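Trainee: Here is what each chain is made of, one letter per residue.
4 protein chains.
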Amino acid sequence: MTVNAIVWGENVHEQRDALVREIYPDGMHNSIAVALNADPAIKATTATLQEPEHGLTEKRLASTDVLLWWGHTAHGAVDDEIVERVVKQVWEGMGLILLHSAHFSKLFKRLMGTSCALKYREAGERERLWAVNPRHPIAEGVGEHFTLENEEMYGEPFSVPEPLETVFISWFAGGEVFRSGLTYRRGAGNIFYFRPGHETYPTYHDETVQKVLRNAVKWAHNPQTSYAAIQELPHVPVESALEPIVHRDPKRFFLPAAGSV
Amino acid sequence: MTVNAIVWGENVHEQRDALVREIYPDGMHNSIAVALNADPAIKATTATLQEPEHGLTEKRLASTDVLLWWGHTAHGAVDDEIVERVVKQVWEGMGLILLHSAHFSKLFKRLMGTSCALKYREAGERERLWAVNPRHPIAEGVGEHFTLENEEMYGEPFSVPEPLETVFISWFAGGEVFRSGLTYRRGAGNIFYFRPGHETYPTYHDETVQKVLRNAVKWAHNPQTSYAAIQELPHVPVESALEPIVHRDPKRFFLPAAGSV
Amino acid sequence: MTVNAIVWGENVHEQRDALVREIYPDGMHNSIAVALNADPAIKATTATLQEPEHGLTEKRLASTDVLLWWGHTAHGAVDDEIVERVVKQVWEGMGLILLHSAHFSKLFKRLMGTSCALKYREAGERERLWAVNPRHPIAEGVGEHFTLENEEMYGEPFSVPEPLETVFISWFAGGEVFRSGLTYRRGAGNIFYFRPGHETYPTYHDETVQKVLRNAVKWAHNPQTSYAAIQELPHVPVESALEPIVHRDPKRFFLPAAGSV
Amino acid sequence: MTVNAIVWGENVHEQRDALVREIYPDGMHNSIAVALNADPAIKATTATLQEPEHGLTEKRLASTDVLLWWGHTAHGAVDDEIVERVVKQVWEGMGLILLHSAHFSKLFKRLMGTSCALKYREAGERERLWAVNPRHPIAEGVGEHFTLENEEMYGEPFSVPEPLETVFISWFAGGEVFRSGLTYRRGAGNIFYFRPGHETYPTYHDETVQKVLRNAVKWAHNPQTSYAAIQELPHVPVESALEPIVHRDPKRFFLPAAGSV
Numbered sequence: 013m014t015v016n017a018i019v020w021g022e023n024v025h026e027q028r029d030a031l032v033r034e035i036y037p038d039g040m041h042n043s044i045a046v047a048l049n050a051d052p053a054i055k056a057t058t059a060t061l062q063e064p065e066h067g068l069t070e071k072r073l074a075s076t077d078v079l080l081w082w083g084h085t086a087h088g089a090v091d092d093e094i095v096e097r098v099v100k101q102v103w104e105g106m107g108l109i110l111l112h113s114a115h116f117s118k119l120f121k122r123l124m125g126t127s128c129a130l131k132y133r134e135a136g137e138r139e140r141l142w143a144v145n146p147r148h149p150i151a152e153g154v155g156e157h158f159t160l161e162n163e164e165m166y167g168e169p170f171s172v173p174e175p176l177e178t179v180f181i182s183w184f185a186g187g188e189v190f191r192s193g194l195t196y197r198r199g200a201g202n203i204f205y206f207r208p209g210h211e212t213y214p215t216y217h218d219e220t221v222q223k224v225l226r227n228a229v230k231w232a233h234n235p236q237t238s239y240a241a242i243q244e245l246p247h248v249p250v251e252s253a254l255e256p257i258v259h260r261d262p263k264r265f266f267l268p269a270a271g272s273v
Numbered sequence: 013m014t015v016n017a018i019v020w021g022e023n024v025h026e027q028r029d030a031l032v033r034e035i036y037p038d039g040m041h042n043s044i045a046v047a048l049n050a051d052p053a054i055k056a057t058t059a060t061l062q063e064p065e066h067g068l069t070e071k072r073l074a075s076t077d078v079l080l081w082w083g084h085t086a087h088g089a090v091d092d093e094i095v096e097r098v099v100k101q102v103w104e105g106m107g108l109i110l111l112h113s114a115h116f117s118k119l120f121k122r123l124m125g126t127s128c129a130l131k132y133r134e135a136g137e138r139e140r141l142w143a144v145n146p147r148h149p150i151a152e153g154v155g156e157h158f159t160l161e162n163e164e165m166y167g168e169p170f171s172v173p174e175p176l177e178t179v180f181i182s183w184f185a186g187g188e189v190f191r192s193g194l195t196y197r198r199g200a201g202n203i204f205y206f207r208p209g210h211e212t213y214p215t216y217h218d219e220t221v222q223k224v225l226r227n228a229v230k231w232a233h234n235p236q237t238s239y240a241a242i243q244e245l246p247h248v249p250v251e252s253a254l255e256p257i258v259h260r261d262p263k264r265f266f267l268p269a270a271g272s273v
Numbered sequence: 013m014t015v016n017a018i019v020w021g022e023n024v025h026e027q028r029d030a031l032v033r034e035i036y037p038d039g040m041h042n043s044i045a046v047a048l049n050a051d052p053a054i055k056a057t058t059a060t061l062q063e064p065e066h067g068l069t070e071k072r073l074a075s076t077d078v079l080l081w082w083g084h085t086a087h088g089a090v091d092d093e094i095v096e097r098v099v100k101q102v103w104e105g106m107g108l109i110l111l112h113s114a115h116f117s118k119l120f121k122r123l124m125g126t127s128c129a130l131k132y133r134e135a136g137e138r139e140r141l142w143a144v145n146p147r148h149p150i151a152e153g154v155g156e157h158f159t160l161e162n163e164e165m166y167g168e169p170f171s172v173p174e175p176l177e178t179v180f181i182s183w184f185a186g187g188e189v190f191r192s193g194l195t196y197r198r199g200a201g202n203i204f205y206f207r208p209g210h211e212t213y214p215t216y217h218d219e220t221v222q223k224v225l226r227n228a229v230k231w232a233h234n235p236q237t238s239y240a241a242i243q244e245l246p247h248v249p250v251e252s253a254l255e256p257i258v259h260r261d262p263k264r265f266f267l268p269a270a271g272s273v
Numbered sequence: 013m014t015v016n017a018i019v020w021g022e023n024v025h026e027q028r029d030a031l032v033r034e035i036y037p038d039g040m041h042n043s044i045a046v047a048l049n050a051d052p053a054i055k056a057t058t059a060t061l062q063e064p065e066h067g068l069t070e071k072r073l074a075s076t077d078v079l080l081w082w083g084h085t086a087h088g089a090v091d092d093e094i095v096e097r098v099v100k101q102v103w104e105g106m107g108l109i110l111l112h113s114a115h116f117s118k119l120f121k122r123l124m125g126t127s128c129a130l131k132y133r134e135a136g137e138r139e140r141l142w143a144v145n146p147r148h149p150i151a152e153g154v155g156e157h158f159t160l161e162n163e164e165m166y167g168e169p170f171s172v173p174e175p176l177e178t179v180f181i182s183w184f185a186g187g188e189v190f191r192s193g194l195t196y197r198r199g200a201g202n203i204f205y206f207r208p209g210h211e212t213y214p215t216y217h218d219e220t221v222q223k224v225l226r227n228a229v230k231w232a233h234n235p236q237t238s239y240a241a242i243q244e245l246p247h248v249p250v251e252s253a254l255e256p257i258v259h260r261d262p263k264r265f266f267l268p269a270a271g272s273v
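Protein chains in written order, with the numbering used here: chain A, 13 to 273; chain B, 13 to 273; chain C, 13 to 273; chain D, 13 to 273.
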């Protein structure tokens, strides 16, 4: 069974910043897609902000198993309608992986219901990720820890709901910690937030990061049929109740005595 | 220490429907507020949809410890701006109790990030609530179970995130079950969803329901100072890092060899 | 990839009680194993209390992916040493599925750290299981609910830790509810408790129950290498610290001033 | 309302090691008790391994609201019977706070159902604790982070169940991270694990550590009546079912057709 994944990239820094282009000549989204496609069980394509409907048409999403999302400077340019479309697709069972600065995307904030704020510092400092849940599928083959020699720092408190499970926690040279790998379920959709990936560092060329992303795509994939009913509010008539009941007339109900609350 | 609570009521059914008015002559919100004020540790007032800013001015919310919310037929009439105001207040530490049909309010859906859908049937059937977490503060003094002889049925699946803790589960005469008491934290705010309370039944006159509501208000109260920083995204300059680090020039970073991913 | 499963049966009621033998002529464990083997991805064998080491030798467990456990009247006859052996295997990554009265097995209580108590009634009453987490892998293909016309009742409060996720909740004709499908992780091991399965009813002949068991076996399977290190308490010498540090002499530490706490 | 707390100390290092005695002339347990008693809402006394029944008689426990536990070198000397006594008291509602090396106590392992293993290094290195849940009651008044200049390192993976909430995460100078403040509920008992407190460092003289301990005692206190029923397995006779049901004779149940599973 092949997992159909889309790597969605904001694709702005790559156009504007020579350094980013030097690291990711084909854009971050393409580098990530190539890394995913190294696993024959994954078939990854890309989509970007600049495409019509940001490349995420209803038709395309309908056949997508897992969406990865990288955004940063252009969160505000993402169409609210597309965000809602993706949200509903997640509820119905599409997996979602939020990368790095996507913590502040409309999409992640919409699904978390929190501010998703954190602290940050861009100093190219050392980040060491510890697998605190060492046999979680997303940590498979990763070892106890791995190091990214140059990364942006994200520091706690990270204002997100308590996760289902914490998979990674980061140590930063400058003295901070961060919950770097968190899982959630929203409706039928599996969600993973993964911290690393600042555009000015070669993080997505790191083999362990690539391994984590492949693991995460396979973990997030929910092979079941789409849970379209999740937005419905079905009325169950008395006549079709599973146990025989009769409709009781509210008028006959006990009413509070005069003077009581 | 007194807990300042506001009972927010949509206050529409009471105006339109003689039966509801007969059960709650002063409106549901007032009945609930009176029930809360039976505890000297709580000082409850009310607010309604019809008031300017729905009765929820910034000034008033700033001195509110816990907000209770009942809405049903007029969810769409609630101003988005007021919803955002309340959301931010919750993140900063105000407790929030969602009552019955508030499961489908903009407010609850905004904080959960899910559809919050369920099934329903209005037949005045028996509901029995079981305290599955018998010494949770919200279940204090409630006993193992209590019964509401006439209630609307809400049935699973209830599309909400996995809660911090499940406090109550309901049994319905027609054959359904429902997670009737669920706790969440969003930012600094404690949130409790409590299922019973259909407008055509005298639920809020029930002594055990009133007890649960008083318990919930006291549980939801976070006496700490407002966590206003929760929406900030502070930059931590290299110079003020807690551990001495130097800024590393991205240009010097390892770049992938030609031909690699 | 085939999942190697062992169905462990206490195998006492089948020997003593003609009714049970009539329902399960080959024993409950064999009926369950046959049901699992209907899925070509599963290879299930059996083990019983009466075998040497209860059929769970170290060698056999070492090649087992998932263990299912049914016990009731002979919990006390299970060797503590075998319990510890299984516990460690679970920590190292073997999946574990506890069936019905196994809620009170030494094994489940050992892994939960709670009393695992509940209420019960044996009246052959109707049980309806609701999938409250409809696209969880264990609920795949099960539908919104399914009914067992004759079952023993288990009622809340069920004294277990808050689960990772609640998959099923049961409705009973006599008025109780029960969290019937609960997931946990202990170390590298996935654990699922599944309520139905009283010996005097043909529950394990029910097609939906069989489907749930097959789903659960596949869900509980952790294909990663055994996490043998989980019981080790490794010392990390100063010399091999990941960041250069020096040993600081405790004698030089700040001591509290005279008179302070 | 005063919270009755017992600080249980192993009290071995203090007797054997001059350095420890120099830091804690009256024993660690007494230093901690004095720190707790600085809050008029807490009345803390002490108990030690060397006392009859380790100072934890049934009578004394019965009037105890919260127990704090520090042990290290003599875990094996703790009487299994006393451990079970304390476990049951926790289930019935007594709060429990496990300090530092108590992660490996019989008591904590018994309540977690996991190995509770971790890595360690004794180098007097810097530990910085981050409050990742900044308005949790246990983090009240603590600020975003605080530093212990000299502590033993504990490193992940920490083999414990996923907590209800993570309150603190530690950064260590040598490159590790650790979930330093974790909450659990077992039965009616609130449990908090708090990492710092190695005997050769003056950790319990630190004002912020003392503040955390006072917060934790008040948080762990469950003022409700003892939940003695938690170990009972009540039978509910058909005659006293909440809904009228009749006993159905198993003999009349559907039996599988010949040849079926």
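Rather than coming from a laboratory, the hints here were simulated on the basis of the structure.
The model shown is predicted, which means the values in this text are computed figures rather than measured ones.
Where hints are given, some of them may not hold.
No copy labels: a pair is met if it fits in one copy or bridges any two.
[What the hints assert, rightly or not] Below, a list of computed lysine to any residue pairs in the SDA-like style, where the Cα atoms sit at most 25 Å apart:
hint: 1; residue 1: 131; residue 2: 254
hint: 2; residue 1: 100; residue 2: 84
hint: 3; residue 1: 55; residue 2: 235
hint: 4; residue 1: 131; residue 2: 152
hint: 5; residue 1: 55; residue 2: 88
hint: 6; residue 1: 121; residue 2: 93
hint: 7; residue 1: 230; residue 2: 177
hint: 8; residue 1: 230; residue 2: 158
hint: 9; residue 1: 223; residue 2: 28
hint: 10; residue 1: 118; residue 2: 159
hint: 11; residue 1: 121; residue 2: 70
hint: 12; residue 1: 55; residue 2: 258
hint: 13; residue 1: 55; residue 2: 85
hint: 14; residue 1: 100; residue 2: 250
hint: 15; residue 1: 223; residue 2: 63
hint: 16; residue 1: 100; residue 2: 252
Trainee: Now, for every hint given, state plainly whether the structure supports it.
Mentor: A quick look at each hint next to the structure:
1. 131 to 254: between (52 Å within a copy, 13 Å between copies)
2. 100 to 84: both (22 Å within a copy, 23 Å between copies)
3. 55 to 235: both (15 Å within a copy, 22 Å between copies)
4. 131 to 152: between (29 Å within a copy, 20 Å between copies)
5. 55 to 88: Result: close neither inside a copy nor across copies, 29 Å intra and 41 Å inter.
6. 121 to 93: Cα proximity of residue 121 and residue 93: in one copy and across copies (15 Å, 17 Å).
7. 230 to 177: Both, since 17 Å and 20 Å are each at most 25 Å.
8. 230 to 158: within (21 Å within a copy, 30 Å between copies)
9. 223 to 28: neither (29 Å within a copy, 50 Å between copies)
10. 118 to 159: Neither. Shortest intra-copy (29 Å) and inter-copy (35 Å) distances fail the 25 Å Cα cut-off.
11. 121 to 70: Close inside one copy (21 Å) and across copies (23 Å); limit 25 Å.
12. 55 to 258: So residue 55 and residue 258 fail the 25 Å test inside a copy (54 Å) and across (41 Å) alike.
13. 55 to 85: neither (28 Å within a copy, 46 Å between copies)
14. 100 to 250: Intra 30 Å, inter 40 Å, cutoff 25 Å: neither.
15. 223 to 63: neither (28 Å within a copy, 44 Å between copies)
16. 100 to 252: neither (29 Å within a copy, 42 Å between copies)
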